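> Given next are the chains, with one letter for each unit.
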Amino acid sequence: MARRPWSRPLAIPILLAMIEAHSLTKRLGGRTVVDDVSFRCGPGTVTGFLGPNGAGKTTTMRMLCGLLDADAGAATVLGGRYRELPNPGRRVGILLDAAAQPGGRRGQEALGVSAQTMAVDERRVGELLELVGLDRAAARKRVRQYSLGMRQRLGLAHALLGDPEVLILDEPANGLDPEGMRWMRRLLRDFADRGGTVLLSSHLLYEVEAIADRLVIIGGGRIAAQGSRADLLAGAGTLAEASDEAALLAALDAAGLPARAQADGGFIVDAEPEDVGRAALAGDVALTRLGPSEGAGLEQLFFDLTTSVPDAAPAEFMEAIR
Amino acid sequence: MSTTTIAATIARPSLTRLTAVELRKMSDTRAGFWLLLSTVGLAVAAVVILGFAGDAEDHTLREMLSVATAPVVVLLPVVGILVVSSEWSQRTSLLTFTLVPHRSRVLAAKLLAGVVLSLAALQACIAIALLGTAIADPGVAGTWSLPAWMLGQTTVYVVTSMITGIAFGAMLLSSAPAIVLYFALPLAWTALGSLAFLETAARWLDGARSLAPMTDELISTTQWARAGTTLAVWMLLPLLIGLWRVTRGDVR
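If you read the sequences in order, they're chains A and B. By the working numbering, the letter at position 207 of the first sequence is numbered 813, and the numbering carries on one by one without gaps. By the working numbering, the letter at position 8 of the second sequence is numbered 19, and the numbering carries on one by one without gaps.
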């Protein structure tokens with residue numbers, strides 16, 4: 607049976623929540639770092655947790671993993687508190703910070719220690735190192751000598767070591783080269799297609815846009831938008847560009863079409879591409895680009911979130927150097 | 012992810028397992044490995060030097076064991092400091108505490124591992140001392156005598172110094188300050204204790220006076236009380252502060 611368009615949003619509330627943040631709130635040093643954040647991740651999905659640096663992504667993830675207590679609200683993983691999981695490594699794979707690795711251990715030994723902790727057969731260590739693309743030479747190197755990209759790969763191997771059902775990854779693409787990012791995308795897609803649940807954060811839209819089915823966008827500790835990628839990308843208007851931007855804006859004005867200038871040129875117009883084309887024709891403007899905005903609207907939303915951060919930064923900076 | 016594996020994955024890692032993991036962590040880094048190797052090396056060196064330098068009456072098993080444990084008491088606690096502090100300075104506690112969310116269990120495993128390691132080190136010292144005595148073969152009366160009190164006190168001394176190291180690591184959660192203070196504070200205290208008005212306090216609180224005799228002489232009841240007081244201040248207090256910091260602290 608063909609899915610009716612309206613059935614999509616309705617399907618979300620009845621999703622079985624493998625990860626759930628329920629009105630999570632955290633205050634640190636008098637500042638509300640995470641403010642009433644709610645979202646849920648269902649099995650078989652990849653959720654992109656997106657926001658500029660300092661938006662509260664890491665704090666939220668730490669609350670999900672039981673490293674930090676929430677001031678209000680609740681964080682549950684697999685239907686309960688993370689800390690109540692008897693052997694959490696076997697059910698939830700976590701990568702919170704690729705830089706936080708035992709520098710003095712060899713790569714294989716670092717994984718071996720964790721395998722022993724969660725009672726995983728140590729033969730799996732070799733398989734996983736191979737899976738994440740760390741060869742024998744790399745496995746025998748001390749982690750201190752690893753590049754950030756190699757540490758990310760080791761961190762992913764670590765997260766996958768216990769054959770978990772859920773993955774919680776903080777900025778896993780950070781430091782990966784384009785090939786590495788493609789590889790990771792495939793790996794996570796595969797994991798979700800086999801029924802796994804993935805929550806991954808990023809401060810770069812393009813990193814998650816390509817893998818995530820759902821997006822949760824956070825800024826200043828609050829959720830700015832969330833929904834399926836398709837929903838967030840749809841209905842975001844039309845992207846129009848012209849060499850003569852002033853003329854284009856005048857033509858859009860004349861046609862009564864509301865337009866917003868984009869940071870990197872062009873306009874997002876709240877209308878169908880055909881209407882924009884007619885307006886440009888009427889105003890005698892040659893368009894260099896015309897089409898559904900797709901990511902552009904999301905990008906703008908994201909950009910607005912990012913630019914609102916510098917207002918807060920100087921105060922924080924002053925506090926830090928005082 | 013299949014249902015057959017669920018039963019196995021539900022089981023919480025036992026304290027024995029966690030202790031084995033901590034023992035592994037104490038020896039699988041470059042620093043840990045060399046510290047352990049130099050501890051044994053120095054114990055051998057101490058026995059060899061005594062064998063060449065001392066008189067025949069110094070070549071008894073008791074004396075040999077006494078010098079062999081000296082480097083253990085100094086160096087092994089550094090392994091204890093590092094097994095806690097390095098997890099915080101390298102932030103691998105992020106990994107440890109996500110795998111074992113009950114942090115007090117991790118600290119308990121580290122303490123147990125410390126006890127196991129110090130007992131193993133003591134056994135190595137006994138072996139080295141036995142070998143040294145056999146080679147030196149002084150032939151004096153009581154060459155092979157090793158009274159139970161001596162063995163017991165040496166065990167207490169070695170184990171408590173290891174626990175003190177772990178306690179300092181947990182209290183300061185940073186390798187360099189923990190190592191420096193572990194050595195500097197007692198030294199400073201010994202220096203202060205030589206001042207007349209601190210003399211009485213020093214007898215009760217200075218490890219160099221209250222704990223060091225453990226490997227040399229039979230300790231009296233008063234001396235035990237002094238040793239206990241010293242341990243309460245230098246071992247128990249840092250351990251409690253450390254427990255509080257480890258379980259409450261934010262892992263950055």
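Among these hints, one or two may not hold up.
Derived contacts from chain B toward chain A, CB cut-off under 7 angstroms, selection only [claimed, not checked]: (1) 42; (2) 101; (3) 109; (4) 214; (5) 262.
Just so you know, these hints were derived from the structure itself, not from any lab. Source: prediction; values computed, not measured. Beta carbons are placed, not taken as given, at the ideal position from N, Cα and C, and that holds for glycine.
> Compare the structure with each hint and give your call.
Going through the hints against the structure:
Checking residue 42 (chain B) against chain A by beta carbon gives a least distance of about 6 angstroms; that is within 7 angstroms, so the hint holds. Below 7 angstroms, beta-carbon pairs count as interface contacts, and residue 101 (chain B) has one with chain A at about 6 angstroms; its hint therefore holds. Interface hint status for residue 109 (chain B): upheld, as the beta-carbon distance to the closest one in chain A is roughly 5 angstroms, under 7 angstroms. Below 7 angstroms, beta-carbon pairs count as interface contacts, and residue 214 (chain B) has none with chain A, the closest being about 41 angstroms; its hint is therefore violated.
The restraint placing residue 262 (chain B) at the interface with chain A holds, with a minimum CB-CB distance near 6 angstroms, inside the 7 angstroms limit.
When the structure is compared with the earlier hints, a violation turns up for hint 4 alone.
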